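Student: Its first residue numbered 186, the sequence shown is counted upward by one per residue in the working numbering.
Incorrect hints may appear among the rest.
[As the list claims (entries may be wrong)] Calculated pairs, EDC-like style, for lysine to aspartate or glutamate (alpha carbon to alpha carbon, straight line, at most 20 Å):
#1 LYS293 <-> GLU278
#2 LYS454 <-> GLU332
#3 LYS454 <-> GLU339
#4 LYS454 <-> GLU343
#5 LYS276 <-> ASP294
#6 LYS276 <-> ASP297
#7 LYS293 <-> ASP277
#8 LYS454 <-> GLU412
#9 LYS276 <-> GLU253
#10 LYS234 <-> GLU218
Worth flagging that the hints you see were computed from the coordinates, not collected in a lab. Please read these numbers as outputs of a predicted model, since none were measured by experiment.
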Amino acid sequence: MRPKLRILVAESSVREISAMLETACQLPDAEIELVSAASIAALLATIPKVRPDLLLLDLSLARPASPETVRRICRAAPTVPLVVVASAGEKDEAARCLQQGAMDRVFKDAMDTTVIERVLRAAFERNTIEGLADLLRDPLTGLYSREAFLTIGERKMESARRSGGTLVLACLFLENLGGLRERFGSSVEEHALLDFAELLSASFRRSDVIARTGTAEFAVLAVDAAEPSASILRQRIERRVMACNMSRDPRHAIELRFGASFWQPEHDKAFVQLLDSLESTLRRTPALANTPGR
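Hey, can you work out the whole structure from these sequences and the hints?
Tutor: Written out as structure tokens, the structure is:
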């Protein structure tokens, strides 16, 4: 069975982009399904119904505020790659759209078979990686495993490097998890892990990547996050851990280590190096005293 790629195209009534896709590209190893929307409102309304694998946006449809429109679309569908299609006179505008979350930009006068296949194969590759990562889930918490986190994190870093975006990586260690297991048994340990995983999932955006990277270790990659976000994230997590501890048996209170690292495109570290470096630093950092009453 050939893999299927569902593409949602936001374009004018002449369906110029769809026509280019239909005539210029026939991938022999895949099935392409095209859905067209004639306005931004129609696009936003169609996304949850169609659940596309790729979005193509004609910038002429997004005027007069194309970058802001791209930001709105990316917020509405943070897991769906967006490619902007621009005319020759919209190069600067298309570049600004990359900074707002677009995966790529192509130009109408250069939309030949090679360009279209590059875009479609990138979408296929992304979907394959995301699909494989979904298979690499921690069986207890349902969060991504370390292997999946490294795979997705590397791709997010590559995308941010192309678009000029920034990342914040946060690592979190449950300092007393081993003690909880030794004193109260595996049931209390599992409840602590599940409570903390739920806390993390409620604390971050859908576009952020959350993983259990070890027995007591977790990590979060915040995409397009500014440097001050690290301290904000720390404060948010501290407050929620304190609230969580207030609802737990005081003997089962969670003790946490938190560390964060800001990344921007001029940094030359690979994602695995960034993660390993932060984890190494965090292991030498005292735990936060996140106990009831603090």
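Student: Taking the hints in turn, state whether each one holds.
Tutor: Evaluated hints:
Annotation: proposed proximity of LYS293 to GLU278 holds, straight-line Cα distance about 14 Å (limit 20 Å). Of the pairs offered as hints, the one joining LYS454 and GLU332 holds, with about 18 Å between alpha carbons and a cut-off of 20 Å not exceeded. For the hint pairing LYS454 with GLU339, the CA-to-CA distance comes to about 11 Å; that is within 20 Å, so the pair holds. Restraint check for LYS454 and GLU343: the C-alpha separation of about 11 Å stays at or below 20 Å, so the hint holds.
Among the hinted pairs, LYS276 with ASP294 is consistent with the structure: their alpha-carbon atoms are about 12 Å apart, no more than 20 Å. Taken as a hint, the LYS276 and ASP297 pair is honoured in the structure, with Cα atoms around 18 Å apart against an allowance of 20 Å. About 15 Å separates the Cα atoms of LYS293 and ASP277, which keeps this hinted pair within 20 Å; it holds. Between the alpha carbons of LYS454 and GLU412 the distance comes to roughly 17 Å, so the proposed pair stays at or under 20 Å and holds.
For a cut-off of 20 Å, the pair hint linking LYS276 to GLU253 stands: about 16 Å separates their Cα positions. Distance check on the hinted pair: LYS234 and GLU218 sit about 14 Å apart at the alpha-carbon level, within 20 Å; holds.
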